[in-house]
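Here the numbering used here = 1-based position in the first sequence + 932.
Rather than coming from a laboratory, the hints here were simulated on the basis of the structure. Some hints here could point you the wrong way.
Distance condition first, Cα-Cα at most 30 Å in a straight line; then the derived DSS-like pairs of lysine-lysine [claimed, not checked]:
id: 1; residue 1: Lys1000; residue 2: Lys1047
id: 2; residue 1: Lys1046; residue 2: Lys1000
id: 3; residue 1: Lys1047; residue 2: Lys1016
Quick list of simulated restraints, FRET-style, between CB atoms [what the hints assert, rightly or not]:
id: 4; residue 1: Ala1008; residue 2: Glu1049; range: 30 to 36 Å
id: 5; residue 1: Arg1042; residue 2: Val994; range: 26 to 32 Å
id: 6; residue 1: Ser986; residue 2: Arg1042; range: 20 to 26 Å
id: 7; residue 1: Ser986; residue 2: Pro1033; range: 19 to 25 Å
id: 8; residue 1: Trp1043; residue 2: Ser986; range: 32 to 38 Å
id: 9; residue 1: Lys1046; residue 2: Lys991; range: 32 to 38 Å
id: 10; residue 1: Ala993; residue 2: Gln956; range: 19 to 25 Å
id: 11; residue 1: Ala1008; residue 2: Asp1051; range: 22 to 28 Å
Backbone N, C-alpha and C fix where the C-beta goes; we use that ideal spot for every residue, glycine too.
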Amino acid sequence: MHASKEQQDSLIQIKKRSDFLTIQNKGRKWVSHGLIVQVAENENGHKRIGYTVSKKVDKSAVKRNRIKRRLRAVAADILPTGAKDGQDYILVGRPQTLIRPYETLCDDLRWCLKKLELDAQ
RNA sequence: UUAGAAGAUCGGAUGGCUGCGGCAGCAAUGUCGAGGAAAGUCCGGGCUUCAUGGAAAAACGGUGCCGGCUAACGGCCGGGGGGCGAGAGCCUACGGACAGUGCAACAGAGAGCAAACCGCCUAUUUAUAGGUAAGGGUGAAAGGGUGCGGUAAGAGCGCACCGCGUGACCGGUAACGGAAGCGGCAUGGUAAACCCCACCGGAAGCAAGACCGAAUAGGAACACAUUUACGCGCUUUUCCACGCUGUGUUCGGGUUGGUCGCUAGAGCGUAUUGGUAACGAUACGCGGAGAUGAAUAGCCAUCGCCCCUUUUGGGGAGACAGAACCCGGCUUACAGAUCUUCUUAUACU
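Model the full structure from these sequences, guided by the hints.
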């Protein structure tokens, strides 16, 4: 089920704060137990991905880092095949992200992507 | 063995598959990759920039027994005083109250150059006057304590012992300790209240700052000429020195992106050696994260740890917590494990 190295290279990371804000404003959003996904179209035709774990989720920096790492691991497995070109994705961590089993977390992401695709039509 | 005290160390290990960041390499690949507190940002430095340089004073902030260590400190080590404990030990903002100002509710007669409510004593007389601080009462606190003498009753009024003040002299680098003698006892507490004294301190921080490439004011540098004065020059004042003006030429700033700053530093380890110790000296060895929406992850196996039942076995937990320019400390958090030294009680010998 692991994505190949080539596929993972197609993912570009979102770094600017302004990009995060525009995606959050104009994009669509779907919530699951393990994580939240936000999607918006972009102009350059690539798949782009960003991660957000705020201090609201957990005050400990160690736990926030671990949540971000798990989100990154899930995204690396699912998104190269599950995501579409020309779209921006933001994965938002939740308290459940820390303790949910890995397979369930993957299912959460797949479910969110499916729902968002239906919603777009 | 019981109950403690002090100090130090560790903070799971190994491997596989799929991945991440730095470096090397054309590539394959190789190699390195979080902590004892990385935390809080409370001190002290290095480094960088800003202000024209120096001296003195004031203001503001900090430190506060003594000696030593250190680049430095509010840190550490050793010592002294005071307090706590049976002890090993632990705690300690621990300079100054004859420089000045202030503060202490209520109660009480009286609370800071003491006072006289009840009482006691004396006189005249049945209410005053004087003496007194033993006893009572109030209070957090009532101006030495006990005993004897003394007296009208009393009182350091006198004496002894204790306490207090002062203290020749002795020990110690010092803080301080000991102490003959003298003083009849007085100048209560509070300075994490203002304050005084001694010592220390310019300010802001790697989003500092430097460079490169792209669009507008103040401006900056260089050359020449000229004037020396009001005022201005990064807390204020004073003193001394210095600068300021005009013209021309050249360059070009607030923001964003990239590169550098960026990790070898008061570095770590071992041995010898000086020192009670903190720490210093010498020799040899080591080379160890540098990200910038920010790298250590996901899954699994074995060993170890804890709990349950015990024949095999099954299940569970894994603390506090994530480098962001770098060091030296402090403070706070921490499952569990190990080692060393010491005290106490009991037993054994």
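Below or equal to 30 Å on CA atoms is what counts here, so check Lys1047 against Lys1016.
Measuring from Cα to Cα gives roughly 14 Å; hence the hint holds.
For the range 19 to 25 Å, tell me whether the beta carbons of Ala993 and Gln956 fit it or not.
holds (23 Å)
The hint says 22 to 28 Å between Ala1008 and Asp1051; measuring C-beta to C-beta, is that right?
holds (25 Å)
Val994 and Arg1042 - C-beta distance against the hinted 26 to 32 Å
holds (28 Å)
CB of Trp1043 to CB of Ser986, is that within 32 to 38 Å?
For Trp1043 and Ser986 the Cβ distance comes to about 23 Å; the hint is violated.
Restraint status (C-alpha distance of Lys1046 to Lys1000 at most 30 Å)
With a Cα-Cα distance of about 22 Å, the restraint between Lys1046 and Lys1000 holds, given a limit of 30 Å.
Take a look at whether the Cβ-Cβ distance between Ala1008 and Glu1049 falls inside 30 to 36 Å.
violated (20 Å)
Taking 19 to 25 Å as the hint, is the beta-carbon distance of Ser986 and Pro1033 inside that range?
holds (24 Å)
Given hint Lys1047 paired with Lys1000 - CA-CA distance at most 30 Å:
Within the cut-off at roughly 23 Å; holds.
State, for the Cβ atoms of Lys1046 and Lys991, whether the hinted interval 32 to 38 Å holds or is violated.
Holds - the Cβ-Cβ distance for Lys1046 and Lys991, about 33 Å, lies within 32 to 38 Å.
Taking 20 to 26 Å as the stated bounds, is the beta-carbon spacing between Ser986 and Arg1042 within them?
Since the Cβ atoms of Ser986 and Arg1042 sit about 24 Å apart, the hinted range of 20 to 26 Å holds.
In terms of the numbered hints stated before, the structure departs from hints 4 and 8, listed from lowest to highest.
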